[in-house]
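A.B. asks: Listed below, chain by chain, are the residues.
Number of protein chains: 2
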Amino acid sequence: MLKDMLTPQTVAVVGASSKPGKVGHEILKNLIDGGFEGRIIPVNPKADEILGLPCTGNLTQVEGEVNLAVIAVPTAAVQPAVAEALKAGVKSIILITAGFKETGAEGAALEEEIVRMCSRVGVRIMGPNCLGLINTQHKLNASFASLMPDEGNISVISQSGALCTAILDWAAGRHLGLAKLISIGNKADLDEADFLTTLANDDSTKVIVGYLENITNGHEFIKRAESVASKKPVVIMKVGTSKAGEKAASSHTGSLAGADIAYGAAFKRAGVIRAEGFEEMFDIATAFAMQPLPKGDRVAVITNAGGPGIMAADAIENSGLEVATLGEEMSIELAKHLPAAASVGNPIDVLGDADPERYAMAVEAAQDDENVDAIIVILTPQAMTKAAETARAIASKARGDKPVLAVFMGGLDVIPGRDELVTAGLPDYSSPARAVSALKAMYNYAAWLERPARIVTRYPANKRRVERIITRHLRRDRLQIGEVAAKDIMRAYDFNVPNGSLATSANHAVEIAEEVGYPIAMKISSVDVLHKSDSGGVKLNLSSPTQVRDAFDLMMLRIPQRVPGARIDGAYIERMATRGREVIIGMSRDPQFGPMLMFGLGGIFVEVMKDVTFYLAPITADEAMQMLKSTRSYALLEGVRGEAGVDMDAIANGLQRISQLATDFPMIEELDINPFIVGAPGVDPVVADARITISKKEGKRG
Amino acid sequence: MLKDMLTPQTVAVVGASSKPGKVGHEILKNLIDGGFEGRIIPVNPKADEILGLPCTGNLTQVEGEVNLAVIAVPTAAVQPAVAEALKAGVKSIILITAGFKETGAEGAALEEEIVRMCSRVGVRIMGPNCLGLINTQHKLNASFASLMPDEGNISVISQSGALCTAILDWAAGRHLGLAKLISIGNKADLDEADFLTTLANDDSTKVIVGYLENITNGHEFIKRAESVASKKPVVIMKVGTSKAGEKAASSHTGSLAGADIAYGAAFKRAGVIRAEGFEEMFDIATAFAMQPLPKGDRVAVITNAGGPGIMAADAIENSGLEVATLGEEMSIELAKHLPAAASVGNPIDVLGDADPERYAMAVEAAQDDENVDAIIVILTPQAMTKAAETARAIASKARGDKPVLAVFMGGLDVIPGRDELVTAGLPDYSSPARAVSALKAMYNYAAWLERPARIVTRYPANKRRVERIITRHLRRDRLQIGEVAAKDIMRAYDFNVPNGSLATSANHAVEIAEEVGYPIAMKISSVDVLHKSDSGGVKLNLSSPTQVRDAFDLMMLRIPQRVPGARIDGAYIERMATRGREVIIGMSRDPQFGPMLMFGLGGIFVEVMKDVTFYLAPITADEAMQMLKSTRSYALLEGVRGEAGVDMDAIANGLQRISQLATDFPMIEELDINPFIVGAPGVDPVVADARITISKKEGKRG
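Residue numbers (the working numbering), protein chains in the order written: chain A, 1 to 702; chain B, 1 to 702.
Hints may contain errors.
Simulated pairs of lysine to any residue, SDA-like, Cα-Cα distance not exceeding 25 Å [to be verified]:
| no. | chain 1 | residue 1 | chain 2 | residue 2 |
| --- | --- | --- | --- | --- |
| 1 | B | K610 | A | G639 |
| 2 | B | K19 | A | M384 |
| 3 | B | K610 | A | M648 |
| 4 | B | K532 | A | E643 |
| 5 | A | K610 | B | E607 |
| 6 | A | K19 | B | K386 |
| 7 | A | K610 | B | A340 |
| 8 | B | K610 | A | G580 |
| 9 | A | K29 | B | K386 |
| 10 | A | K29 | B | L412 |
| 11 | A | K22 | B | A340 |
| 12 | A | K610 | B | S633 |
| 13 | A | K22 | B | E638 |
| 14 | B | K19 | A | P45 |
| 15 | B | K610 | A | G645 |
| 16 | B | K101 | A | V344 |
| 17 | A | K610 | B | Y634 |
| 18 | A | K629 | B | S633 |
| 19 | B | K336 | A | G639 |
| 20 | B | K101 | A | L351 |
| 21 | A | K610 | B | E582 |
| 22 | B | K22 | A | L412 |
| 23 | B | K101 | A | R575 |
| 24 | A | K610 | B | M648 |
| 25 | B | K610 | A | D647 |
| 26 | B | K101 | A | G345 |
| 27 | B | K386 | A | L351 |
| 28 | B | K336 | A | A105 |
| 29 | B | K532 | A | G645 |
| 30 | B | K386 | A | I32 |
| 31 | A | K19 | B | D355 |
| 32 | B | K386 | A | G99 |
| 33 | A | K629 | B | V608 |
| 34 | A | K532 | B | V608 |
| 35 | B | K19 | A | P339 |
| 36 | B | K610 | A | E317 |
None of these hints come from the bench; they were simulated from the model.
Since we're looking at a predicted model, the values are computed, not measured.
Throw the hints in and build the complete structure from the sequences for me.
C.D. replies: Given below as structure tokens:
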């Protein structure tokens, strides 16, 4: 994929300039200095040659195929330049120039027009407003970043050109090689999903890191990213977590679901590892790039100083990994070779005077010990410490079957050691906590690779009935579906809803009560009454005709007083639900990723503690159960203090049905079943209240 | 304080050796190489001179006063060497040699003996098992770390010698100066509290950082640290947070209070800033060392790249600081000087081609804007970027009245810029998040400095009555004080406890019920029944003589069946408490820091959600209120969904009374009032149940 762009034989630089400092000059210079072995064609009508290369005034005059045109002319000249390139039959374009979508509507229109021109002839375009492209394996530096990194196996996709330069600078400082560096700019045509797929098939790329400010197409991203992540790790830093993007919502689910949560859910689904910052992104990436995945969570720590050993143990425990209990053989081996004062427990303290041999012996013993899944080796620069030799000794014992991560603490005497580590392919961290955090990411990724197949159950449902209700509401411009109709929808998806009907008079209410059986609950039915209880619109446990009649009349008196102008359909009469644990299950449709399901314990757990979990639909039984288990209040579902636990499968089942409903009907924007009353195992949970918001426009599908 | 040790005129090196690599050689060499301007006396009976200095065989033969003896002889020779030094009248001792307390009981005994010898003649001793001492202002390197740091204003206290070397190495790599480096080793005599106080009075020290594995004396530490922190910031990394230290507990409070929580509470009380890691510790310290405290929380971000600007804004928002809304004048100023494409919002994007002048202009505008309290300046290395010149330009505009923090991202081209920043006294961070985290620490410290005076209220209480109850229990070896007696103790401290008495027969129970008034609650009184409800030992809402009689007989039948062998005192009969919000207030005595108070909402909030806060006693009204406000469930106390709020002052008052009780009686180990039933403002809360554990030995006082 994108062969012409990533591994071109002939590259034209449109807007090549002889003036140093000009972007068109820098790109040409970088191509030459980078050692590109194909043909380079500077395009500039005003020059005969630039940097020793003969110039052409017009691309159409070039003989032979041009695989890639890098365009760096002023904004106003871009469209003609693209037209010329297309006419000349170039196979791909990198558009460096800025001044398009990022400047407003006019720029956006121009950008769209350029993409249209290209796609008409099947030419893919990267940018505009980007730094360019580097492919170290092809000796191609088609960017205006002057640093050409060494060859390596980490590829970078970045929406920020400036961050690319920072990454290049940082990699150069660490002597860390890169495979590809791709500055996607405005993503007018090619976006993160395209390059993810391309890099998935690139044998030189072992790990992909990405910096993203937004994602072009949520579903495409998830689909592609999941497929890529199944082949190689994808580590992404997504910025822009601020509150600005939050939308007004009419359900609990909607008000708790933000864009950042949606991105988190999407990454989780796709197996993408989320990094919180620039440094964490590379901490994780270098671990993946250099070391094998751990087969378990038991970590051995080797250190020449007690303090940093404690730091490592703290971090391991806090991360949820295990401080390994060493095997007997290993302990004997250590005791045999270490001075008496050394600790043969874990962390293994090889003492301050440890020489390279002692480190090598300890690493070897940890490699041999089947109770150890990963090894962290810490070095502090003490009087006798030989950092470089020790790095080589550690590397010589790393067999590539367990991850070995180094922590060389300091900034001067340890530098030669760090350089040796990079050369030997051992990742190095400035603190134990950072090494542990990278190891934890590896462990999680390994677990994700072993995940069960995603099989989404389909339940029988009466779709026609739901369709009718939604159509009826849309026709009347009623975008809020109140309790009565929402419960009908729930019935159609086989939820257990108490018997009940809408009563329009006191007598009618009594009639219905007699039919469904006492005790009954009475709830106002009005699209305008949002907080039913607070407005006096809910009466519970009514157990006689008189009570029902009194409650009805009182409600019809009070609601108009408390919510002036409210349109009242009547009062909904239903049999009181049996008691149980109240939970909330809901859905909110993210504009980018489609329906997100929510689970939480009801009432204050949602409203005050915000103890809820989200997952993207469609959801599997296993994922639904994970949603339950990920809440802090999970123990309450299992039963505490002698209370019986509830039927968790029944809740998971409810989440899967909502998932199906939301996937079937893209016009459903938000949905709350609150409370969903759950009983002991085997008891069918009850939808005690429900609320749905629809939209005239179909939202993103699941 | 410790003048002889920190600024000696004459230093003797006992165990000086001519053999490079030997500790006794390295120390001598470091003293000479460090440029120490006083007299240096090598002590070694087998040599005439070492490194050009005449040797003495015995310290007692030295003429003139010896301020400091650094002892680095083999462990077995330490005691005679110390004896000789004391005989020679040395004023202070640094004991480098290891092999004492850290090796076991024998070493510990020897260590204690040496301390006794010294204290008899008033000589203070640092170590043993330490790296030594560095005082850059005195050109004193009395350590075996070969790197002598530049002069600076950060002082380091470290319990790990290895971490000292890592810090020195790291500081050298960053060209960062230090004031003092103090390796406290086993802390046989001088400990962290002593050196904190010393450094508080050291004019060359602006910030103190500390690495601690434990604290010698909790109260002394808090007292001294609070006094020091009031003068200058103290940043401490405390390691060893693992679960190993958790103790068995018989109360909720006890089971939730761990050693790590106690350290957290102690640091909070003392105004000590806690760093989670090595890098964070210095991130924070350099900010304090180089910049003034912010006067508010509004941060301006200046950047030459959009992406890192978003990262900074995300971090600011997540930390609880504010992305400043720029003043109109500043916006006008920026618009006047920046290119049209630049963003004059905040973050202020000065664009990729920003030259030093443009940065200087933006920093100056932010300095002038009274809507800005702190400034973060981000630089990514782009084609036109001049890192060093930009660093100087930024520094030239930093006026020292608002903190300016730099983020130069990269690792090669930005290095000259970073060096300029250090020289100019601007702290520099590798990522926006790290700069924000340091700024947040400064903001919190500034707020702590402004804290109200700590005035602990004393309430009238009947101490004699409590004394009698505790004495009675101790005499009978009953360390668990059950409900009946615990409630008596609560009454003595003026808590509102429902009327009630212990009934020993069914008739007696009815008698009491008639007296206190129906409805009543009946609870088994037995030290052996821990979970009263689960064992059938609680009956509530009994409202007639028959009900009381039946309940009593049933209880006396069931308890012996369910808790075989339980010693039963009878059943406690009390008037049912009125309804209200159930909270838990409690105390657990930490072996290091004394009584820690706990607050949480009752039941599942404590048991499942673990939503509790801790604070060290004695507590002020303000601190008690902070405990309430720091729980996640605080909104429930304020009242949600139309429910009325509860009397928070009454809860705070309860916490203060417990604080007083725990301070008055050091034999109280643990205490739970659970539930403490709180009503509307003005209603006196009720102690519905209480439990106290005492100890034969007095614990740490508050």
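A.B. asks: Against each hint, give a clear statement of whether it holds in the structure.
C.D. replies: Status of the hints after comparison with the structure:
1. For the proposed pair K610 (chain B) and G639 (chain A), the alpha carbon gap of about 16 Å is at most 25 Å, so the pair holds.
2. Note on K19 (chain B) and M384 (chain A): the hinted pairing holds, with a Cα-Cα distance of about 14 Å set against a maximum of 25 Å.
3. Restraint check for K610 (chain B) and M648 (chain A): the C-alpha separation of about 22 Å stays at or below 25 Å, so the hint holds.
4. For the given pair, K532 (chain B) sits about 15 Å from E643 (chain A) by alpha-carbon distance, which is consistent with the 25 Å threshold.
5. Under the criterion of a C-alpha separation no larger than 25 Å, the hint pairing K610 (chain A) with E607 (chain B) is consistent with the structure, at around 17 Å.
6. In summary, the hint linking K19 (chain A) to K386 (chain B) is supported, as the alpha carbons are separated by about 19 Å, within the 25 Å threshold.
7. Between K610 (chain A) and A340 (chain B) the CA atoms are separated by roughly 43 Å; this puts the pair beyond 25 Å, and the hint is violated.
8. A threshold of 25 Å between alpha carbons decides the hint, and for K610 (chain B) with G580 (chain A) the separation of about 23 Å falls inside it, so the pair holds.
9. For a cut-off of 25 Å, the pair hint linking K29 (chain A) to K386 (chain B) stands: about 20 Å separates their Cα positions.
10. Between K29 (chain A) and L412 (chain B) the alpha-carbon distance is near 20 Å, which keeps this suggested pair within the 25 Å criterion.
11. Among the hinted pairs, K22 (chain A) with A340 (chain B) is consistent with the structure: their alpha-carbon atoms are about 20 Å apart, no more than 25 Å.
12. As the CA atoms of K610 (chain A) and S633 (chain B) are separated by approximately 10 Å, the hinted pair is consistent with the 25 Å bound.
13. With a CA separation close to 63 Å, the supplied pair K22 (chain A) and E638 (chain B) exceeds the 25 Å bound.
14. Using a Cα cut-off of 25 Å, the hinted pair K19 (chain B) and P45 (chain A) is violated, with the two alpha carbons roughly 74 Å apart.
15. The hinted pair formed by K610 (chain B) and G645 (chain A) meets the criterion: a straight-line CA distance of about 20 Å does not exceed 25 Å.
16. Simply put, K101 (chain B) and V344 (chain A) have alpha-carbon atoms about 19 Å apart, close enough for the 25 Å limit, and the pair holds.
17. Restraint check: the Cα-Cα separation between K610 (chain A) and Y634 (chain B) comes to about 13 Å, which is no more than 25 Å; the hinted pair holds.
18. At roughly 21 Å between alpha-carbon atoms, K629 (chain A) and S633 (chain B) fall within 25 Å of each other, so this suggested pair holds.
19. Among the hinted pairs, K336 (chain B) with G639 (chain A) is inconsistent with the structure: their alpha-carbon atoms are about 66 Å apart, more than 25 Å.
20. Distance restraint check for K101 (chain B) and L351 (chain A): the Cα-Cα separation of roughly 16 Å lies within the 25 Å cut-off, and the hinted pair is therefore satisfied.
21. Under the criterion of a C-alpha separation no larger than 25 Å, the hint pairing K610 (chain A) with E582 (chain B) is consistent with the structure, at around 20 Å.
22. Proposed proximity of K22 (chain B) and L412 (chain A) is supported: the alpha carbons are some 22 Å apart, at most 25 Å.
23. Of the pairs offered as hints, the one joining K101 (chain B) and R575 (chain A) is violated, with about 74 Å between alpha carbons and a cut-off of 25 Å exceeded.
24. Distance hint between K610 (chain A) and M648 (chain B) is fulfilled; the C-alpha atoms sit about 22 Å from each other, no more than 25 Å.
25. Between the alpha carbons of K610 (chain B) and D647 (chain A) the distance comes to roughly 24 Å, so the proposed pair stays at or under 25 Å and holds.
26. Distance hint between K101 (chain B) and G345 (chain A) is fulfilled; the C-alpha atoms sit about 19 Å from each other, no more than 25 Å.
27. For the given pair, K386 (chain B) sits about 45 Å from L351 (chain A) by alpha-carbon distance, which is inconsistent with the 25 Å threshold.
28. The hinted pair formed by K336 (chain B) and A105 (chain A) meets the criterion: a straight-line CA distance of about 24 Å does not exceed 25 Å.
29. Between the alpha carbons of K532 (chain B) and G645 (chain A) the distance comes to roughly 21 Å, so the proposed pair stays at or under 25 Å and holds.
30. Straight-line distance between C-alpha atoms of K386 (chain B) and I32 (chain A) comes to about 24 Å, which keeps the hinted pair within the 25 Å bound.
31. For the proposed pair K19 (chain A) and D355 (chain B), the alpha carbon gap of about 19 Å is at most 25 Å, so the pair holds.
32. Only pairs whose Cα atoms come within 25 Å are accepted, and K386 (chain B) paired with G99 (chain A) is accepted, the gap being roughly 24 Å.
33. The suggested pairing of K629 (chain A) with V608 (chain B) holds, with an alpha-carbon distance near 13 Å, which does not exceed 25 Å.
34. Between K532 (chain A) and V608 (chain B) the CA atoms are separated by roughly 30 Å; this puts the pair beyond 25 Å, and the hint is violated.
35. At most 25 Å may separate the alpha-carbon atoms for a hinted pair to count; K19 (chain B) and P339 (chain A) meet this at roughly 22 Å.
36. Proposed proximity of K610 (chain B) and E317 (chain A) is supported: the alpha carbons are some 19 Å apart, at most 25 Å.
Hint compliance for this structure: hints 7, 13, 14, 19, 23, 27, 34 are not met, and every other hint is.
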